Amino acid sequence: MTRYVSRRLLELVIVFFGVTFVIYCAVFLLPGDPIAALGGDRPLPESVQKQLRSRYGLDLPIWQQYLDYLGGLARGDFGTTFTGQSVGEQMASRWPTTIKLALTAWSLTVLISVALGLAAGLRHGSALDRSVLLGTIVAESVPIFVLGIMAQYIVGITLGWAPIAGVDDGWPRAYLLPALIIAVYGLAGVSRLMRGSLVDTMRSDFVRTLRAKGMSQGDVVGLHVMRNAAAPVVNLLAIQLGSLLGGTVVIEAIFNINGVGQLLYKAIQDQEGTLVVGVATTLVFIFLVTNLLVDILSSVLDPRIRHD
Amino acid sequence: MRGLLKGVGATSVAFALVLTGCSSTEADGGEGSPAELVIGSSDPVPNLVPGRQSNAFGLTMSVFSPLTFLDAEGELSYVAAESVESDDQITWTITLRDGWTFHDGTPVTAQDYVDSWNTVAYGPNAFENSGQLAVIAGYADLNPAEGEPATDELSGLAVIDDLTFSVTLNRADSQFPVQLSQAQTAFYPMPQSAFQDLDAYGKQPIGNGPFAVTTRWTEGEPIVAERYQDYAGDEPTVDKITWVPYSDRLTAYTDALAGNVDIVRLPANRMTQVADDFEDDHIYSFSGPAISYLSFPYWDARFDDVRVRQAISMAIDRDAINEALFGDLNAPATAWTPSIMPGNPDGICGEYCEYDPEAAAALLAQAGGFEGELTIHFPGGAGQDDLFNAIANYLRQNLGVDAIARPSVGWAEFSEDRNNKVLDGPFFARWGALYPSQQSTLRAVFTSAAGCTNCGGVIIPEVEQALNDADASDSEDGEAYAAAQQHLAEGFPVVPLFEESYNFVTSDKVAELTASAVGEPLLTDVILAGD
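Respectively, the protein sequence lines represent chains X and E. Numbered per my numbering, the first sequence finishes at 308, counting up by one with no gaps. Numbered per my numbering, the second sequence finishes at 531, counting up by one with no gaps.
It should be emphasised that the hints constitute simulated quantities derived from the structure, not laboratory data. It is possible that part of the hints are untrue.
[As the list claims (entries may be wrong)] Here are the computed distance ranges between Cβ atoms for each label pair:
#1 Gly400/E x Leu159/X: 50 to 56 Å
#2 Val146/X x Arg406/E: 23 to 29 Å
#3 Gly350/E x Ala139/X: 56 to 62 Å
The structure presented is a predicted model; accordingly, all values stated were derived computationally and were not measured. Using N, Cα and C, we set each Cβ at its ideal position, and we do this for glycine too.
Could you put the whole structure together from the sequences, leaning on the hints where they help?
Below you can see the structure in the form of structure tokens.
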């Protein structure tokens with residue numbers, strides 16, 4: 001196990017450097033000069049541009065910029081934006097909001113999709129099973145911003161049940177609606193997997209044995225089937241935490257939630273390369289760490305997956 | 001994505017109609033409570049130092065008071081200055097009003113102005129608005145092409161006494177008092193405490209205006225300003241203003257529909273829909289000192305004939321575009337500067353700015369037609385797709401040319417391609433003036449002066465000469481600039497498209513919104529409902 005974890009950690013480091021380098025190049029080798037664009041159609045004086053370019057190291061070759069950036073990262077310094085704001089400070093003030101939103105969304109995904117999956121799995125083939133499938137797929141095929149804006153108009157403006165912008169109302173009031181919309185995009189996958197896994201497990205030999213021993217349906221499902229059926233679902237749910245953070249980018253922008261997603265959205269709009277790289281790097285890091293934790297967790301849940 | 005968003009918007013009009021009557025009570029101030037305004041802003045606010053801000057005009061104009069002020073009629077008045085005078089249009093004497101203080105209680109002196117302007121102009125500080133001071137003698141010494149400047153003071157500035165200082169310009173400029181007006185924020189004064197820590201000052205600016213920023217601002221959080229009790233100028237009508245940041249204009253607009261924010265800028269993709277969403281008296285459209293053009297690549301010989309350029313101009317139905325895309329809020333241009341500019345020669349473009357497809361086709365045929373594909377370039381992601389697709393359509397239908405509109409990846413790619421002369425067809429150009437004088441637009445677009453260099457294509461020496469003559473004349477009414485526009489009408493270097501309006505929607509709380517000559521609402525003069 002220790003060997004496995006240390007090998008994975010080493011891989012993680014390599015992937016981390018590779019991915020950040022690609023992101024860094026993608027952002028800073030884009031056509032166009034972010035300094036010249038600072039003023040929109042009102043160009044900055046030549047001397048100002050020159051000064052800013054050398055201040056942010058944009059006159060150095062890209063590999064040197066990247067190494068400088070890594071050097072800064074090693075000291076915990078995420079750099080500054082082209083307008084002189086500290087990227088680290090900005091992210092630090094916004095992560096708590098995003099984590100709250102993502103965890104709320106994730107909990108809603110777990111609750112709703114496991115319930116739906118259970119209901120569909122236990123009565124597979126029924127009308128309920130089919131409507132769960134249809135409903136979740138229809139919901140998931142609507143683009144996220146369409147659903148978001150519709151929810152704003154219906155729930156926020158017409159019904160007035162929830163605020164449509166900002167998180168001033170605090171948790172849970174301000175977070176529930178956006179979290180629910182993010183959660184919708186995990187429902188179809190997770191509930192299908194839950195259902196399938198449940199149906200498979202219910203057909204396995206050990207369940208027949210348990211039934212033959214005279215165990216009640218409730219105990220069979222609750223004590224034995226659930227644990228076995230849960231393993232692939234836990235895997236998927238954990239991986240979803242990563243894509244869920246992606247969903248927060250759009251939803252935070254639509255609902256004006258002051259989190260990391262909105263920061264990334266605005267950074268891309270304003271061509272703030274350092275900010276884009278900073279946020280993307282932390283997102284990559286989180287994704288890698290969650291994946292590692294999932295792999296370790298799944299071996300605990302399912303002894304058949306052993307890492308020696 | 002924008003197109004899809006628009007589709008959603010259309011279907012949600014029905015919901016939107018239901019709600020106009022029932023906005024939330026949260027935003028309404030109760031009896032006797034202090035008058036508060038909530039402004040939604042979606043532009044990035046990088047730094048609040050007046051010499052650096054580039055899109056926090058509402059805030060900067062509330063926290064600072066300008067030397068001179070131009071109202072919506074283009075009338076000049078004096079605010080922090082008692083007078084701005086000159087005999088030769090080169091050396092100006094500025095006399096400040098007595099009794100003005102900064103929010104930290106220190107008196108506003110001539111020395112503060114001189115120190116502030118020196119700081120803004122000093123090259124190594126790299127202040128975004130430093131170009132506004134380029135007219136002052138010595139600016140070039142503070143911004144040498146190579147190396148560090150030898151001095152950190154503008155040679156053109158001299159303090160005469162506590163309330164008087166003189167400014168020597170590089171050359172005669174009758175428009176200098178207009179340049180000192182409200183939107184040229186590089187000319188605002190900063191107190192001595194600012195120079196010790198400009199970064200801290202950028203988070204909580206201390207100004208000489210009617211409102212004081214009460215807390216140190218954090219990125220992404222609202223900015224709050226409250227009435228400054230010892231303000232020496234006219235009393236503002238409100239007590240407190242809060243600027244709430246939004247991810248984009250659409251989100252702010254939606255929140256205004258819900259009644260949570262009092263004043264927001266109208267997003268471009270809601271211009272045709274706003275009349276359904278808001279009551280008439282909650283929609284404000286102010287003429288701005290901005291104008292858009294279709295420019296030509298002067299490096300491409302296919303556009304050398306003036307008749308080709310005129311034909312393209314005549315083939316575009318500006319009125320139809322205005323109605324279909326802008327909800328009739330933008331006025332079709334009839335000159336090379338917007339009509340809000342004092343002394344603007346309206347209609348100088350004549351028949352060439354009027355839609356006449358037959359005449360356009362005939363003119364193009366006379367010029368020998370047009371060879372090859374005509375690609376119109378514009379910056380992508382700025383909501384301009386519909387406009388330029390419409391223009392390309394008109395050219396295809398009326399001139400029979402193979403016209404298409406091509407967006408760039410973003411602003412940066414567009415300006416780089418433009419400046420490197422890579423663009424192979426007509427392209428977007430625009431200038432939003434910070435002071436309403438034809439000089440600002442004409443100089444920026446059609447001369448080599450540091451402005452929107454190249455955004456108007458070829459630089460015409462006659463225009464520059466006519467501008468210099470007009471600058472040196474001692475009339476302030478702007479009519480001297482008509483001569484420069486006459487050269488433009490003859491040479492037709494770019495096609496004038498639209499005069500821009502700056503549009504806003506308000507909540508029920510706002511009874512009347514007014515703007516100054518720069519199109520920005522006057523937050524100090526907002527009349528609240530029930531007052």
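Checked hints:
1. Distance hint check for Gly400/E and Leu159/X: the Cβ-Cβ separation is about 54 Å, which falls inside the suggested range of 50 to 56 Å.
2. The beta-carbon spacing between Val146/X and Arg406/E, approximately 27 Å, falls within the hinted interval of 23 to 29 Å.
3. A hinted range of 56 to 62 Å holds for the C-beta pair Gly350/E and Ala139/X, which are about 58 Å apart.
Hint compliance for this structure: every hint is met.
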